[in-house]
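J.: So the protein sequences, as listed, match chains A and B. In case it helps, this note's numbering puts the first sequence at residues 33 to 165. In case it helps, this note's numbering puts the second sequence at residues 171 to 351.
Rather than coming from a laboratory, the hints here were simulated on the basis of the structure. C-beta atoms are modelled at their ideal positions from N, C-alpha and C, and glycine is treated no differently. Be aware that one or more of the hints could be misleading.
Footprint (simulated), chain B over chain A, 3 or more residues, beta carbon under 8 Å [said to hold, decoys possible]:
#	region
1	74-86
2	93-107
3	120-128
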Amino acid sequence: MSTFQAQLLNEIAAGHDGPPIPESKRVYFQERYRERLFDFIITRFNIQKQFGLTKAKLARRIGRSPETITRWLSGPSNLESDSVSELLLGINAEEMDMDAHSVLDRAPANVYRLSERRLESAGTTSFSHRVAR
Amino acid sequence: MSIRAEWQRLVAQQELFRLPELQGDPRVRTVLMTREVQDDLTKELPEGPEANRRSRLLARLHGIVAGRHLVVCLIPFEARKAVIGRLDRIEDAVWDIRCQDSPAVRIFCRFVERDVLFAATCRPRSVSVSWLDYLPLGDRNSKEWKKGIEATKRQWGMFFPAHDPVNGDDLDEYLSSATIE
Chain A
33 MSTFQAQLLN EIAAGHDGPP IPESKRVYFQ ERYRERLFDF IITRFNIQKQ FGLTKAKLAR
93 RIGRSPETIT RWLSGPSNLE SDSVSELLLG INAEEMDMDA HSVLDRAPAN VYRLSERRLE
153 SAGTTSFSHR VAR
Chain B
171 MSIRAEWQRL VAQQELFRLP ELQGDPRVRT VLMTREVQDD LTKELPEGPE ANRRSRLLAR
231 LHGIVAGRHL VVCLIPFEAR KAVIGRLDRI EDAVWDIRCQ DSPAVRIFCR FVERDVLFAA
291 TCRPRSVSVS WLDYLPLGDR NSKEWKKGIE ATKRQWGMFF PAHDPVNGDD LDEYLSSATI
351 E
């Protein structure tokens, strides 16, 4: 583990009876979560664009203004859980699967499988195509 | 020597520094930092709004390295929520990595090759920030913006005198997994 990572995680790794996790480190993981959530959603949206989804269609489907959809899909932000639910539902008739992984003792990632994982997790068929079948 | 061999040599000789990814994240892109940027990101800060601010910036940079989808603005002065925006003048090929939380900061950068960024200097956007020794950038035509751009070009010339940065309007030449704002 790198020195940077060890320093980032030392209070977190100390367990339930350890010292308070500094706010700046909590903020780091908050921002990281926003980035990952945005990536998760925008990847799905971009795949569904190939099947004809537009921001205007999505806005109409979930009862939001086009400006709101544009704002939500413009970059990482502090999306409310209701908004995330609506987006996933409108993009590809999905809901979030809940899972969590430790930030400690993470194995190095295999970068070459990234594109495969993204496609698998995002789904490569559209809702309308599944309905048609 | 190719520009790739050049930056790899500079990293090996610790003249430039590669932002390490959080273990477990994929390393899809590379952010090369000058010593100045590395020092800005690693210097001790007391807990408080400034440290929080820097944490958000660091998380954003790690997201870039990990290959997260990026929204990019190609037109100077028109970036709204884009993570990376091109600065005026386009032919200077200088961009900024943007973090919107207040007080905002900007990292001036250039593209070495696809998915490889050269982060030259970090500047505060509108108000002074204790951990950055620069005046706020302020108005779009301010001297501080020009200084940041010139500093980026100057730093580039020190490290890559025989090479030009990536230029043009094809986003795919700059980044994978990115869209235009």
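J.: Going through the numbered hints above, which ones does this structure break? Give me the numbers in ascending order.
T.: Hint 3 is the one this structure does not satisfy, whereas the remaining hints hold.
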